[in-house]
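Start from the sequences, fold in the hints, and give me the full structure.
Below, each chain spelled out in residue letters.
4 protein chains.
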Amino acid sequence: MKDVQGSRDHRGITLQKAGVKDIYLPLEIRVPDGSYQPVLARVSLSADLSHECRGTHMSRFVEELYGWSRRKLSSIEVKEILEAVRKSLGARRAEIELDFRYFIAKSTPVSEAMSLLDYECQFSGVLMEEEFLFRLGVKIPLHILCPCSREISHFGAHNQRAVLKVRVHYPESAFIWIEELVSGLEPLGSAAIFPLLKRADEKYVTEQAYENPKFVEDVVRDAVLLLRSDSRIDWFEVECESAESIHNHSAFAYHSESR
Amino acid sequence: MKDVQGSRDHRGITLQKAGVKDIYLPLEIRVPDGSYQPVLARVSLSADLSHECRGTHMSRFVEELYGWSRRKLSSIEVKEILEAVRKSLGARRAEIELDFRYFIAKSTPVSEAMSLLDYECQFSGVLMEEEFLFRLGVKIPLHILCPCSREISHFGAHNQRAVLKVRVHYPESAFIWIEELVSGLEPLGSAAIFPLLKRADEKYVTEQAYENPKFVEDVVRDAVLLLRSDSRIDWFEVECESAESIHNHSAFAYHSESR
Amino acid sequence: MKDVQGSRDHRGITLQKAGVKDIYLPLEIRVPDGSYQPVLARVSLSADLSHECRGTHMSRFVEELYGWSRRKLSSIEVKEILEAVRKSLGARRAEIELDFRYFIAKSTPVSEAMSLLDYECQFSGVLMEEEFLFRLGVKIPLHILCPCSREISHFGAHNQRAVLKVRVHYPESAFIWIEELVSGLEPLGSAAIFPLLKRADEKYVTEQAYENPKFVEDVVRDAVLLLRSDSRIDWFEVECESAESIHNHSAFAYHSESR
Amino acid sequence: MKDVQGSRDHRGITLQKAGVKDIYLPLEIRVPDGSYQPVLARVSLSADLSHECRGTHMSRFVEELYGWSRRKLSSIEVKEILEAVRKSLGARRAEIELDFRYFIAKSTPVSEAMSLLDYECQFSGVLMEEEFLFRLGVKIPLHILCPCSREISHFGAHNQRAVLKVRVHYPESAFIWIEELVSGLEPLGSAAIFPLLKRADEKYVTEQAYENPKFVEDVVRDAVLLLRSDSRIDWFEVECESAESIHNHSAFAYHSESR
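Residue numbers (the working numbering), protein chains in the order written: chain A, 1281 to 1539; chain B, 1281 to 1539; chain C, 1281 to 1539; chain D, 1281 to 1539.
Certain hints may be false.
As the list makes no split between identical chains, a pair holds if one copy fits it or if it spans any two.
To be verified - Lysine-lysine pairs mimicking DSSO-like chemistry, simulated, CA-CA at most 27 Å apart:
| id | residue 1 | residue 2 |
| --- | --- | --- |
| 1 | K1445 | K1301 |
| 2 | K1352 | K1282 |
| 3 | K1419 | K1301 |
| 4 | K1386 | K1445 |
| 5 | K1282 | K1445 |
| 6 | K1352 | K1386 |
| 7 | K1367 | K1445 |
| 8 | K1419 | K1478 |
| 9 | K1483 | K1386 |
| 10 | K1386 | K1301 |
| 11 | K1282 | K1359 |
| 12 | K1419 | K1483 |
| 13 | K1483 | K1359 |
Keep in mind that the hints were calculated from the coordinates and are not lab data.
Written as structure tokens, this is what we have:
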């Protein structure tokens, strides 16, 4: 059968990316205690395409990905996938994004009831010839209470759910756990979010938030100071977006830096 | 050209609905002051299909809808669309849903600054032979403050954005404006939502909410009492969903009744 | 601490539903071979609320759900959750919806390459006093080719991805696997969908679809005949929605029946 | 009342962005014939925040935006909004994104039936001191037919709806209409998309697509050649994403260049 994709192209354009998007895949993610957590990942995978070829071989991306079904994955294996794709497609550059919800067990502050909170996470990797760039992304839900509303009101203060979205790059010689980002950044809101709160816990987080008011700008600046202080991180971006409870829109602050 | 859709079907099944979904259409909605507001509507339109025909004529739905582009619409015109569809397709039953964002001007409680708040609305209509059933739906964003959190805490109380979703049926002899549902139901939260709040307004709504704590259950029960008291309404359903600020999930309450 | 939720309400309204929505939970779903598949479920859980109480105890829903984290689930356990909720909240009626993606291994028609296709599934259950109503929902992606376009054109025919959404009720004495619904309904499109297709497979499904043109109305009618013939099923609804490739909207057909 | 936002900050971080997101606003967009089209815009608006201030004044963004309600907008007015924001907030940099659906009338190829197709568009602007950067984005739905499937199959070829997403930058001295991008790029698919097609039109586009097979890589390369040839454009990015009808995922190609 004729290989139409492999036929010679004459437009002279090496495409930066050609590949697949929105593939769902069951994977397992490494957990600090040595075990693995099964996750549902949504994946996009692509490679550059030489000006010589009319089309990429899309089925090879899919084939490579399904070889990883239900297998264990960390940044090391992300690089392996990209190396295999580069080789299989004869590409210079390959790129992947894996988005998944990851659960972390949390104990409530007073009653110590256990439950699981889910965090939207992303592994993204680019392999450019031999250079591998890996980024870890985590979205951390927070509770924030408005400093202005508290200051100007006789009682009460509007508060709301916010999300702190962070992406970091660290070199291949380093490693950062999702749990490290969460445990460092989650305390930067007015209070943490819990799936389950008994009455004594609810009193605790309500009062904690009232005593600890934060603008989205405060959360981002505190996050910047924390991320700067981690010598493993050589690039980060951080955004805090708040579903304002007195408005029908969001407030946000954003900052990005590289070392 | 052969009419494949019109060919005889032998499976003996009269389908309840066949039609189109997710068509975008610019329309104009009647405003109480006599003017019209341009809106962007997402539309689904269908009819039943006799067991005698293999397929419906999908292009006739689209043709009928585009004839209404940029035209003025209220429940009366919704019935006209369905009558035209029934006739054009030889159907017993036709059904439509139009979803759109509708803006209402709001003045803030203290500084009286004007702005526009958008409400997700729905016109839905069913024409079954000569009987026309019209339903009006509105989603009203609210600010609610937790009575439990307030009661048990020394200071503060968690609060959040909620949405009160209401759908009502009224007979052809009656008429209800979107503005009537909004002005009746919006006060049932702890405070109303505004796109724009100056500092004096923010103090006002913060304190108002603190003095007026509401569970989602409270909002729905108060809405039930209000909707029961409107003699034009002969069916309603109402749900209040709250994006809990101390959790990563929603709380909700729901109730439906017919007279 | 005062139980504000438990305080006496005087509005005289027994609410039909009060509960939680959009909780993410890791679960395991029973597979026909006796094993279990880990899934990510999005859950809503509610109960009715007596006119005597001001609010439901939202934390009890969450507590009950987290007790099921990473545990094995089928319709039997869905009933157990609802029984526990009814008891814990003193409710007459409890209701749950669990939505999750479920993977089934598929072999391509010619090259017999294996891959995994994901299906959006739903377990929904209502327990009304002692009566338990369970519904299984599955969304099956299909490839459909337009009979009209094929008939009127000299060559080619437009085709597209469609989704066949089915929900069935069967009594407690019966049991239906997700795999059974998929294997029965998936052949009703012009061709099945595969994550991975080698060139010989692509030729096969292209030609199969061309020889087997289907309107959404055809798919739904064929599904009705199949579902009627399954004596275990005493209610079903079925919809086929097609992302028309020559339009920017969808076409759909819908039918529902009970025995 | 105390200005908490304006209080002195000591963390020494000038934030790159602080502002508002997901505000809905009714606007009017300039049309080539000199008239204006009412649209529903979703807006985000932000400015940088000096290291000296604790928070930005969020209400000023909202106030500025609502001043533009129902007013006429093109790239010139986008700059005016940003200038007003920079001044009002004492910022160096201001940034806006406006997303809206825009309708263009289309006549079908044979029967010349008129209907309206909606395109998702974006105006994005950055004002950095005196330098203004404006980008126009348009998403164009297309019908594409797979060259490989056609080549290897005895009859038929799988085809599907795709979307060509383009963003271009042009200098302040130039101007490009949405209609120009659409009329240039829409012919690059296998066939154009129409909301309404009569039977003679359906035959036409079916056969046109079969004679004009295109990979997503073909569409992007043809778009690159076209965009390069427009001397007004000094930066562009273009992506074609195809909802593969034989798979449950998308294929895509992407390229970006500056002059």
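Can you tell me if K1419 and K1301 fall within 27 Å by alpha carbon in one copy, between copies, both or neither?
both (21 Å within a copy, 17 Å between copies)
27 Å Cα threshold - placement of K1445 relative to K1282:
Neither. Shortest intra-copy (47 Å) and inter-copy (30 Å) distances fail the 27 Å Cα cut-off.
Within a copy, between copies, both or neither: where do K1445 and K1301 come within 27 Å Cα-Cα?
both (22 Å within a copy, 15 Å between copies)
Identical-chain pair category, K1352 with K1282, by Cα at 27 Å
This pair counts as neither: shortest intra-copy Cα distance 37 Å, inter-copy 48 Å.
Treating 27 Å as the Cα threshold, decide for K1419 and K1483: within, between, both or neither.
For K1419 and K1483, only the intra-copy Cα distance (26 Å) is at most 27 Å; the inter-copy one is 31 Å.
Reference check for the pair K1419 and K1478, CA-CA at most 27 Å: within, between, both, or neither?
Answer is within; shortest intra-copy Cα gap is 25 Å, inter-copy 31 Å.
K1386 and K1301: within-copy, between-copy, both or neither at 27 Å Cα
For K1386 and K1301, only the inter-copy Cα distance (20 Å) is at most 27 Å; the intra-copy one is 33 Å.
Cα distance capped at 27 Å. Does K1483 pair with K1386 within a copy, between copies, both, or neither?
within (17 Å within a copy, 35 Å between copies)
When no copy is specified for K1352 and K1386, does a C-alpha distance of 27 Å or less occur within a copy, between copies, both, or neither?
both (24 Å within a copy, 22 Å between copies)
How do K1386 and K1445 come out at 27 Å by Cα distance, when the copy is not named: within, between, both, or neither?
within (19 Å within a copy, 33 Å between copies)
Which holds for K1483 with K1359 at a C-alpha limit of 27 Å: within a copy, between copies, both or neither?
Neither. Shortest intra-copy (46 Å) and inter-copy (33 Å) distances fail the 27 Å Cα cut-off.
Please work out whether the CA atoms of K1282 and K1359 approach to 27 Å or closer within one copy, between two copies, in both situations, or in neither?
neither (32 Å within a copy, 53 Å between copies)
When each numbered hint is compared with the structure, violations occur for hints 2, 5, 7, 11 and 13.
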